[in-house]
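S.K.: Sequence:
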Amino acid sequence: MDQTAVLMIDMQNSYIAEDGMRDALGWPPIWRLEETVAACAGLLAAAREQGLPIIYSRAVGSPAGPLGDNPRFARLLRHRAHRIPELSPAQQAWTRQIMDAVAPRADDVVLDKSRASFFDYTELEPLLHNLAVTRLIVAGLQTNVCVEATARAALSRNFEIAVPDDAVSTDGPDLHVAGLDSMRVLYIEIAPWKELIAPGATWERAFTTPDYGRNPAYWSESTHA
1 MDQTAVLMID
11 MQNSYIAEDG
21 MRDALGWPPI
31 WRLEETVAAC
41 AGLLAAAREQ
51 GLPIIYSRAV
61 GSPAGPLGDN
71 PRFARLLRHR
81 AHRIPELSPA
91 QQAWTRQIMD
101 AVAPRADDVV
111 LDKSRASFFD
121 YTELEPLLHN
131 LAVTRLIVAG
141 LQTNVCVEAT
151 ARAALSRNFE
161 IAVPDDAVST
171 DGPDLHVAGL
181 DSMRVLYIEI
191 APWKELIAPG
201 ATWERAFTTP
211 DYGRNPAYWS
221 ESTHA
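Per the numbering used here, the sequence shown starts with residue 1, numbered consecutively.
Do not take every clue at face value.
Label pairs and their in silico Cβ distance ranges [said to hold, decoys possible]:
1) Pro216 to Pro104: 40 to 50 Å
2) Phe73 to Glu49: 29 to 39 Å
3) Ala217 to Pro71: 34 to 44 Å
4) Asp23 to Pro173: 11 to 21 Å
Quick caveat, the hints were computed from the structure, so don't treat them as lab data.
Backbone N, C-alpha and C define an ideal beta-carbon position, used for all residues, glycine too.
Let's have the full structure, built from the sequences with the hints guiding it.
M.R.: What follows is the structure, encoded as structure tokens:
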């Protein structure tokens with residue numbers, strides 16, 4: 001029988017902090033954040049009721065400091081250094097914590113990560129194999145960044161993947177929709193979380209939906225151009 005686990009990606013206080021950090025880095029507010037947090041909370045409650053493993057990622061800096069960061073991100077930090085607010089150690093620690101609304105329970109697992117993909121430089125893959133997990137529901141933030149990077153990495157490791165379209169979000173609806181469509185064309189199952197976690201869910205929408213993730217109007221227009 002397929003074992004399903006929930007990966008809850010980067011649901012941290014940094015997304016709700018009013019410290020000016022996201023604005024300093026040129027990052028707009030998350031679209032539909034309150035609704036997304038509520039959907040993630042619902043997904044977690046249903047997963048716990050079914051006894052499914054829940055594994056949280058927590059985005060942190062590289063243990064090696066700036067020398068270990070992605071070079072493009074390190075360059076962004078240097079470019080925006082004059083705008084980045086000074087945060088106390090306590091403020092920094094709070095921003096890294098998981099939001100109270102979706103806080104982990106004692107029997108959940110929380111792993112730190114320093115890259116977009118939850119699989120890079122973490123113990124996630126051996127943990128999933130130890131739990132005999134074959135299917136993953138990947139939820140959280142952000143649709144087109146860490147969620148998509150994790151989903152793609154999971155595909156390359158032969159897991160079956162689903163992403164709940166109502167329990168993920170990002171810096172606006174255009175990036176959100178584009179990110180979901182990018183995953184659809186890889187045959188990742190995209191549907192509301194209640195459908196994905198329902199007992200006996202077959203995750204067949206990706207195979208039964210015509211033009212999954214594609215705009216049929218484009219092909220029609222280009223064919224007759």
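S.K.: If you test the structure against every hint from before, which numbers come out violated?
M.R.: none
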